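Undergrad: Residue numbers (this note's numbering), protein chains in the order written: chain H, 1 to 263; chain F, 264 to 355; chain G, 356 to 560.
Hints in this document: simulated from the structure, not taken from any laboratory. Quick caveat: nothing in here was measured; it's all calculated off a predicted structure. Glycine included, C-beta positions come from ideal geometry on N, C-alpha and C. Any given hint might turn out to be false.
[To be verified] Lysine-lysine pairs mimicking DSS-like chemistry, simulated, CA-CA at most 30 angstroms apart: (1) Lys-78/H - Lys-323/F; (2) Lys-78/H - Lys-348/F; (3) Lys-419/G - Lys-103/H; (4) Lys-11/H - Lys-284/F; (5) Lys-71/H - Lys-181/H.
[Claimed, not checked] From the derived model, a few chain H residues whose C-beta atoms are all more than 10 angstroms from chain G: (6) Leu-30; (7) Lys-33; (8) Asn-45; (9) Arg-55; (10) Tyr-58; (11) Lys-78; (12) Gln-111; (13) Ile-156; (14) Gly-157; (15) Glu-160; (16) Leu-199; (17) Gly-215; (18) Ser-221; (19) Val-223; (20) Thr-228; (21) Asn-241.
[What the hints assert, rightly or not] Ranges between beta-carbon positions, derived for each pair: (22) Gly-529/G - Ile-187/H: 48 to 54 angstroms; (23) Asp-183/H - Ile-540/G: 31 to 37 angstroms; (24) Gln-72/H - Asp-425/G: 57 to 63 angstroms; (25) Gln-72/H - Met-347/F: 36 to 42 angstroms; (26) Ala-422/G - Arg-295/F: 44 to 50 angstroms; (27) Ala-544/G - Asp-197/H: 38 to 44 angstroms; (28) Glu-557/G - Ser-221/H: 55 to 61 angstroms; (29) Gly-235/H - Glu-322/F: 42 to 48 angstroms; (30) Lys-103/H - Ser-328/F: 32 to 38 angstroms; (31) Gly-235/H - Val-555/G: 49 to 55 angstroms; (32) Gly-66/H - Ser-328/F: 17 to 23 angstroms; (33) Pro-541/G - Arg-79/H: 50 to 56 angstroms; (34) Val-209/H - Pro-541/G: 40 to 46 angstroms.
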Amino acid sequence: MGEVIVITSGKGGVGKTTTTANIGTGFALLGKKVVLVDADIGLRNLDVVMGLENRIVYDLVDVTDGNCRLKQALIRDKRYETLYLLPAAQTRDKNAVNPDQMKQLCQELAQDFDYVIIDCPAGIEQGFRNAIAGADRAIIVTTPEVSAVRDADRIIGLLESEGKHNPKLIVNRIRPLMVKKGDMMDIDDIIEILAVDLLGIIPEDEYIVISTNRGEPAVASPVSLASTAYKNIVGRLMGENIPLMTLETNDGFFERLKRVFRF
Amino acid sequence: MFELIQKLFGKDSSSSKDIAKERLRLVLVHDRVNVSPQFMEVLKDDMIRVISNYMDINEKDMEVSLTNSKSSVALIANIPVNRMKRGMYNQD
Amino acid sequence: MRDGVVFKGSKDGLQLVIDMATDFDVIINQLKSKLEAAGEFFANGNAVVQVPSAKDMLPEQQQKLVALFDEYGLVWQDVKECDFDSLADDVNQNSEEESNTLIISKTLRNGQEVVHSNSVVIIGDVNPGAKVIAGGDVTINGTCRGVAHAGAFGDETATITASRLLASQIRIAGLISRSPDKLDIPEYAETARIRDGVVVIEPAR
């Protein structure tokens, strides 16, 4: 039986979809059988971030409505043999599915996959409740901003009341220079307020924009700090004890080299 | 050597923003059509009207859809023809 | 002046205990000011209140009471049979012998609320966006960054104490106070109380 993990945040735009894509691809690079589930019905995005947007025939709501079998809706990513995507519906809304249906779907998927990773929509309404219904554990993504941390706190409270205890935290889009100058909250500040275990930190990285443009999750490329961060997170999820990256505040060799060639 | 360094920093021959623009264009064509279900119906009716000037067609078995491939979106119509009408193409 | 009107929490729910020896107009006024001070304690419309002394009231007295309930969102509940006399005695005593203190051993998160008619002790933090509303004192064994309201029924002797008082808003009875703009992180536990009509923050004793 595989593990069902939901990636949530409360606040929008903090990096849930990017995180889902990269953690999923990270597992697939290690040969694990993974299915990514886009639970953001009506505003699907996981397919675009994965570069699979033109392969969609059936979606999650087609499956729960019984229009097709689950296998027909799953899209296999040709770049990684063991990576699959269940896309969201684009023309319906969050009420097209209910939590019991999601629970059943997750149980079915967990039979065939090592990891079922659910991309949760922003907010705390039906979409959120659907996404967490079938989850064994939750990962909360936040950025070092007051509004994101407040929303994350709310989500943690809601998860606790739904019986999803002990969620883990990812702090995304850290800018080490700003943290050093005292213009951005650091990890300790955030952990102190949220009081949950830290799963990983991801530095702000321009390469994420490029990877989304291309539809190729960053974790597959060796060139970026974010890629390393995501790989570390995947390792920790599998039980390895990987220390947190130290984020340099001065330019590394590659940064300066890139500037020489004007990239 | 330079190409190697270019590849190392992930800069391909086409910039990633151009790739993004193209993907976005295709995905939006698809999204917009799907968002208005009436769109296909109206398109179908218009097509039936025009084509019926030239031939009798089997409206019930007519299929119209948008297909989505890596580099293009295509409107595919499968229209069974019963018979050709006379007179429309004899314009003198 | 003696309290002619006291809210009591019991296993049967919330009760309004009225000293029928007090002039009824005085009672109505005291009740009104308590309800004003309670702010949103009753605002969500599901505060069910029993009035044991109702059976001893004149019809027009009861009507006045019902009208006041309606105005402030209280729901009148008919009283089950129980021992009224001992309740009325309590009104004449100071009400600090409440053994009904609520103790919560977890951190309150954004969106969570604790509402209690007597005193509340939180063993944990109160995060931004969380609220503690108590008829009695509020004691937080942790950092308070949310909203704390003590003396919600108008008890101006109520206090708020926290290991670290960084509350976004402090309310005691009907007085509201904001945390200062320049926030020095306190090194020691502090208590907020009303002195001379204003909310002051002092080191906790």
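Undergrad: Since Tyr-58/H was said not to touch the interface, does its Cβ keep a gap of more than 10 angstroms from each Cβ of chain G?
TA: Fine: 36 angstroms to the nearest Cβ keeps Tyr-58/H off the interface.
Undergrad: Does the claim that Ile-156/H lies outside the interface with chain G hold up, using a Cβ gap greater than 10 angstroms?
TA: Incorrect as stated: the minimum Cβ-Cβ distance to chain G is 6 angstroms, not above 10 angstroms.
Undergrad: Verify that the Cβ of Lys-78/H lies farther than 10 angstroms from every Cβ atom of chain G, and report whether the claim holds or is violated.
TA: holds, 42 angstroms
Undergrad: Do the beta carbons of Gln-72/H and Asp-425/G sit within 57 to 63 angstroms of each other?
TA: Holds, since Gln-72/H and Asp-425/G (Cβ atoms, about 59 angstroms apart) stay within the stated range.
Undergrad: Do the alpha carbons of Lys-419/G and Lys-103/H lie within 30 angstroms of each other, as the hint requires?
TA: Cα-Cα ~53 angstroms, so violated.
Undergrad: Taking the minimum C-beta separation from Lys-33/H to chain G, is that value above 10 angstroms?
TA: Non-interface label on Lys-33/H holds, nearest chain G Cβ at 35 angstroms vs cutoff 10 angstroms.
Undergrad: Going straight from one Cα to the other, do Lys-71/H and Lys-181/H come out at no more than 30 angstroms?
TA: Since the Cα atoms of Lys-71/H and Lys-181/H sit roughly 51 angstroms apart, the hinted pair is violated (cutoff 30 angstroms).
Undergrad: Gln-111/H: least C-beta distance to chain G exceeds 10 angstroms?
TA: Its Cβ never comes within 10 angstroms of chain G, the nearest being 34 angstroms, so this holds.
Undergrad: Please check whether Glu-557/G and Ser-221/H have a Cβ separation lying inside 55 to 61 angstroms.
TA: holds, 58 angstroms
Undergrad: Against chain G, does Glu-160/H hold up as non-interface, every C-beta pair farther apart than 10 angstroms?
TA: Non-interface label fails for Glu-160/H: nearest chain G Cβ at 8 angstroms, not farther than 10 angstroms.
Undergrad: Given the proposed pairing of Lys-11/H with Lys-284/F, does the C-alpha separation stay at or below 30 angstroms?
TA: Status holds; Cα separation ~27 angstroms.
Undergrad: Taking the beta carbons of Asp-183/H and Ile-540/G, is their distance inside 31 to 37 angstroms?
TA: violated, 18 angstroms
This entry does not satisfy hints 1, 2, 3, 5, 13, 14, 15, 22, 23, 26, 27 and 29, going by the numbered hints stated previously.
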